[in-house]
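Heads up: the sequence lines are chains A and B, in that order.
In this text, residue positions in the first sequence follow numbering that gives the first Met the number 0: the first is 0, and each later residue adds one.
In this text, residue positions in the second sequence follow numbering that gives the first Met the number 0: the first is 0, and each later residue adds one.
I should point out that these hints are in silico values taken from the structure, not numbers from a laboratory.
Values in this document were obtained by computation on a predicted structure and should not be read as measured data.
Some hints could be false.
Said to hold, decoys possible - The calculated BS3-like cross-link candidates involving lysine-lysine, where the alpha carbons are at most 30 Å apart (straight line), are:
| no. | chain 1 | residue 1 | chain 2 | residue 2 |
| --- | --- | --- | --- | --- |
| 1 | B | Lys27 | B | Lys373 |
| 2 | A | Lys10 | B | Lys281 |
| 3 | B | Lys259 | B | Lys12 |
| 4 | B | Lys371 | A | Lys138 |
| 5 | B | Lys371 | A | Lys17 |
| 6 | B | Lys18 | B | Lys211 |
| 7 | A | Lys85 | A | Lys59 |
| 8 | B | Lys373 | A | Lys149 |
| 9 | B | Lys157 | B | Lys385 |
| 10 | B | Lys211 | A | Lys17 |
| 11 | A | Lys10 | B | Lys211 |
| 12 | B | Lys371 | A | Lys140 |
| 13 | B | Lys385 | A | Lys17 |
| 14 | B | Lys163 | B | Lys211 |
| 15 | B | Lys165 | B | Lys12 |
| 16 | A | Lys149 | B | Lys27 |
| 17 | A | Lys149 | B | Lys344 |
| 18 | A | Lys140 | B | Lys281 |
| 19 | A | Lys10 | A | Lys85 |
| 20 | B | Lys144 | B | Lys390 |
| 21 | B | Lys12 | A | Lys17 |
| 22 | B | Lys371 | A | Lys10 |
| 23 | A | Lys10 | B | Lys157 |
| 24 | A | Lys85 | A | Lys138 |
| 25 | B | Lys344 | B | Lys18 |
| 26 | B | Lys344 | A | Lys17 |
| 27 | A | Lys10 | B | Lys373 |
| 28 | B | Lys27 | B | Lys371 |
| 29 | B | Lys137 | B | Lys259 |
| 30 | B | Lys163 | B | Lys27 |
| 31 | B | Lys371 | A | Lys149 |
| 32 | B | Lys137 | A | Lys17 |
| 33 | B | Lys224 | B | Lys211 |
| 34 | A | Lys10 | B | Lys213 |
| 35 | B | Lys373 | A | Lys140 |
Claimed, not checked - Here are some, though not all, of the chain B residues that point toward chain A, as calculated from beta-carbon distances under 10 Å:
| no. | residue |
| --- | --- |
| 36 | Phe19 |
| 37 | Thr240 |
| 38 | His303 |
| 39 | Phe382 |
| 40 | Thr384 |
Glycine is no exception: its CB is placed at the ideal position from the N, C-alpha and C atoms.
What follows is the residue order along each chain.
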Amino acid sequence: MREELLRIIEKNSRMDLKELAVILGVEEVDVVNELAALEAEGIICGYHTMINWENTNIEKVNALIEVRITPQRGQGFDSFAERIYKYAEVNSVYLISGGYDLLVSLEGKSLREVSNFVSDKLATLDGVLSTATHFVLKKYKDHGTILTSKYEDERELITP
Amino acid sequence: MRDPLSRQVVELKPSGIRKFFDIVSEMKDAISLGVGEPDFATPWHIRDEGIYSLEQGHTKYTSNAGLMKLREEICHYLYRTQGIHYHPTREVLITVGGSEAIDIGIRAMINPGEGEEVLIPQPSYVSYEPCTILAGGKPVIIDLKAENEFRLTPEELKAAITPKTKLLILPFPNNPTGAIMEKKDLEAIADIIIENDIYVMSDEIYGELTYKDKHVSIASLPGMKERTLLINGFSKAYAMTGWRLGYVCGPQNIIEQMTKIHQFAIMCAPTTAQYAAIEALKNGDEDIVEMRTAYNQRRRFLMHAFREMGLECFEPYGAFYVFPCIKEFGMTSEEFATRFLEEEKVAAVPGDAFGASGEGYLRISYAYSLEKLKMAMERLAHFITKLREEKGK
């Protein structure tokens with residue numbers, strides 16, 4: 000049930016325990032225990048809500064920044080990543096194989112705010128060789144959810 | 000002017016579904032639980048392969064029997080899922096949906112006007128009976144029973160067989176009941192079929208949608224392959240209804256004659272769909288698992304909802320239908336469905352649209368999102384509470 004449970008709540012974390020139990024064909028107490036275990040094991044890390052900020056009148060700017068670094072002796076990439084991910088404006092930090100080392104996704108209120116972060120905080124860190132900032136113009140799909148179109152049921156109402 | 004019409008066609012009963020459809024389409028903003036097709040779109044990699052085939056200019060007829068590569072993939076599929084060996088050049092025909100295979104299969108096997116009987120277990124899909132009549136055969140209905148979970152029992156089969164019996168239609172997993180025939184059930188009827196030297200048309204279009212053990216084809220039982228037409232297709236397993244693609248595997252002599260009809264009537268199944276179907280068989284196993292998991296969750300949800308409202312329903316383990324019993328309300332299926340639609344704005348198909356033995360039942364499709372099903376079940380609970388109060392007065 001573990002994988003099926005995770006797949007359901009990954010799409011809809013608001014489903015209540017009773018309903019989860021029904022559709023999984025188990026007892027409610029099993030769901031409660033499994034969720035507790037998944038949280039304790041660090042598998043479930045939160046129950047966030049997916050928001051398409053573009054549909055609000057709140058201004059947000061998203062950027063993806065490629066960072067090339069020289070790993071410090073005895074520290075590797077991890078400590079470097081830590082210095083970056085502690086910033087609240089940083090949404091995610093990935094260690095990447097290939098042409099650069101860290102992919103940092105950033106959220107700011109304005110272009111200026113993001114630019115300032117890159118030029119003042121990120122680029123000046125010891126060991127940063129270069130940064131390349133890409134601003135997000137439009138989000139089509141995020142976390143497996145298509146943001147640009149709505150599902151319309153075009154089936155006939157009754158078919159054999 | 001003289002009558003342009005064929006009496007046989009005119010006398011053919013229109014499908015009960017059609018009648019109900021006309022009522023439903025008058026109703027604005029109704030929730031429908033009435034469809035017999037998946038709510039999912041065809042997985043993208045399959046659609047993409049169809050698009051790619053168009054880009055490549057594969058816009059011509061294929062051979063009558065269908066693309067060789069597709070027939071080979073079908074044979075691989077039936078070997079890996081059922082352990083049956085079919086020969087791709089002699090024992091496989093690609094058709095326009097499973098529906099065409101049903102039609103031409105019966106036509107290839109029945110001698111018109113000689114009283115040859117086709118056994119049709121009901122409730123079942125609406126086309127077996129008219130296709131039999133149009134082929135000049137005599138439909139003999141076997142009324143399946145809720146107490147047997149709508150499976151076909153050896154006793155029921157035996158009682159229906161006469162010296163004229165030629166063909167048995169075996170529609171499992173079943174639309175509309177959701178019933179399945181497990182291996183033991185099939186074994187119990189296989190002996191009778193062999194003893195009486197009759198043929199089987201096994202419509203396994205819902206074969207990938209079972210929620211207990213894996214589906215077993217009757218063609219995989221000893222002595223059955225040579226007397227079975229195995230019909231399947233891509234509509235239900237891969238959510239490809241609009242592509243119109245099915246297939247039939249069976250004994251060479253029958254497939255040959257079916258190919259002849261197919262060649263004259265159809266030429267070949269749609270080429271684009273055939274290319275897409277190759278991709279479905281090669282790389283679509285995971286899609287099936289994902290959709291089956293979703294259907295199963297909805298199925299559990301509905302069964303639980305029925306239990307909560309005290310509505311009688313045997314637990315179905317196949318297809319994407321549940322078939323609750325509404326006899327306690329003292330109405331016909333049609334009256335119930337019509338009132339349910341008018342008073343609660345939910346459309347479900349009256350069980351008798353699938354044969355007289357479906358009277359007293361309702362077909363509810365769960366090819367809908369959980370949110371939609373939830374809404375519909377709230378309305379159903381409200382409706383039957385009202386009916387019970389009415390009855391109590």
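Original post:
Honestly, which of those hints from before does the structure not fit?
Top reply: 6, 9, 14, 21, 23, 30, 32, 39, 40
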